[in-house]
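Colleague: Could you put the whole structure together from the sequences, leaning on the hints where they help?
Residue numbers (our numbering), protein chains in the order written: chain A, 1 to 347; chain B, 1001 to 1238.
Take the hints with a grain of salt, since some may be wrong.
If you only want the chain B side, here are some residues facing chain A, beta carbon under 7 Å, derived [unchecked claim]:
hint : residue
1    : V1044
2    : D1053
3    : L1073
4    : K1172
Below, computed lysine-lysine pairings styled on DSBU-like, alpha-carbon distance capped at 30 Å [unchecked claim]:
hint : chain 1 : residue 1 : chain 2 : residue 2
5    : A       : K192      : A       : K234
6    : A       : K292      : A       : K158
7    : B       : K1031     : A       : K208
8    : A       : K200      : B       : K1182
9    : A       : K213      : B       : K1002
10   : B       : K1002     : A       : K200
11   : B       : K1031     : A       : K213
12   : B       : K1002     : A       : K208
13   : A       : K200      : B       : K1031
14   : B       : K1182     : A       : K208
15   : A       : K158      : B       : K1033
16   : A       : K192      : B       : K1031
17   : B       : K1002     : A       : K192
These are computed hints drawn from the structure, not numbers from a lab.
The structure displayed is predicted, hence computed values, not measured ones.
The beta-carbon is built from N, C-alpha and C at its ideal position, and this holds for glycine as well.
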Amino acid sequence: MKYLTTGNEACGEGAIRAGCRFYAGYPITPQNELTAYMSKRMPEVGGVFIQSESELSAVNMVFGAAVAGARSMTSSSSPGISLKQEGISYIAAAELPAVIVNVMRGGPGLGNIAPGQADYFQAVKGGGHGDYRLIVLAPASVQEMFEFTFKAFSLAEKYRTPVMILTDGMIGQMMEPLEFDDAIKPVPAVPKPWVLDGAKGRPSRSIKSLLLKDGELEAHNIHLQKKFSSIEKKEVELELYKVKGADRIIVAYGLMGRIGRECVDTLRSKGIKAGLVRPLTLWPFPYKEIRKIASGKAKFLVVEMSAGQMVEDVRLAVQDDKRVRFYGRMGGGVPEEKEIVARVKQL
Amino acid sequence: MKQAPTHYCPGCGHGIVHRLICEVLDEMNLKEKTVAVAPVGCSVLAYDYWDFDTTEAAHGRTPAVATGIKRVLPDRLVFTYQGDGDLAAIGTAEIIHSGNRGENISTIFVNNGVYGMTGGQMAPTTLIGQVSTTTPGSRRADRDGYPLKIMEMMAVLPGVVYLERTTVTSPKEVTKTKNAIKRSFEIQLAEEGFSMVEVLSPCPTYWGLDPSQSMRRIENEVVKAFPLGVIKGGDHGP
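Modeller: Below, the structure is given as structure tokens:
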């Protein structure tokens, strides 16, 4: 079936189709379409929708639903995601699967409701307290909002870890065709021998992140890091567009990746050998893949709707700062094609 | 109840309330249907003593976590166990809104008037004139505000069906506490809505009193600020 819908609603439907049966959220623009969609869809599929009193409460309701074994999700936009960081750290520490959607807007502070990408550091470097990582997926279209959200539930359960969909207000609110098989099957059930559902015929269990015994917390951290390291090895995804033979490469994700693709076509039509690297997973980040591309002489332009955040990871990958340049706009400004093309020419 | 050495201080009330909950669950044959949510505070380690499924929650978010569990598993008994810092300070929004949604959960609220785990700081429930680590001299209303009566605040919410304040200062009061816990669980099983039992409990360590004096302080002083009895749902016999 083909539908014309918004990114936010496609995200909601992707979650429902993946088997998400618990959603809690709090109103904030530009993600309100998702909350409204879940309020309508959850009862239709026998799931739970709660409009919570705060983002703090929403993410902790998701914690509880995950403890009880449900596929659960919450969503918000930048200021609200800051509030959820406490819960995200607890979810990661307790090794619970959950999906968190951040439809980013301009910041810092209350900012504005225009699209932004300035929460990259918060999403991929930690955000909450303690040593943990979030798997971060960056969709660039309505179709990808559906597909990446669907996949997020699979990753969350496979690794028992929170997964974030990191997108922005433009991807969230724009309308595009969405196509998927109506008979699509949910993410296959995985055994959850840790769920708390009443200790019937088994020893009682507890889920906790307070580990006070000597060496216990260090051992837990080592265990978590092994898991994160396994995710880094197996789950990196990126899109390469006309990278072969390119000597000028745009690196951009989400909305900027989409605009970057158009820039590549424009530059190629003018005889400039441009290409695009679009990370689909922001964590784990495609360091190795970009390093390989950088083994030639190509120069890189990183484009973001921020003051320059992902550019730090691209520099780590390229390991030659002279070949990495940045162009970004902040506070709701969206770099336009002609601005990007001009900067690629200057490389 | 598991066999485990207690980490609670001599004269602490948590051990009594932990045991009462276990007795009620055993008598009602609910152990295998129960999921409990432990708070942050002295009783965070409740799962070291309870032999039923228990999860931790972030500080004050206890009722939000319980909401998530109960909505997914509506036929299980879900209760939160919270201290006064967890429930009446950092978790005020969560407890009030869980009550206002009429969440079909039970809350056991152990009020000892201080933050025990972190060293006896002032809680919202600390009495006027009470000495604490963060009220030099003692709690003064003009500087520190007043003891917060969460039960009385929640009594006005239509989703809240039963509220009772009890204590553990004598065998008679302990029995009343046990009956109140039982009633709260029965109300949940009957799917009637939110209920909460507040237990006035001693903290000899941070009250600077011996265990016996602490019990007398509850009887003589604490009950004046926090009167005992059924606050809501008095005519509500399960």
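Colleague: Compare the structure with the hints numbered earlier in the document and write down the numbers of the violated ones, lowest to highest.
Modeller: Going through the list in order, the structure violates hint 4 alone and respects the others.
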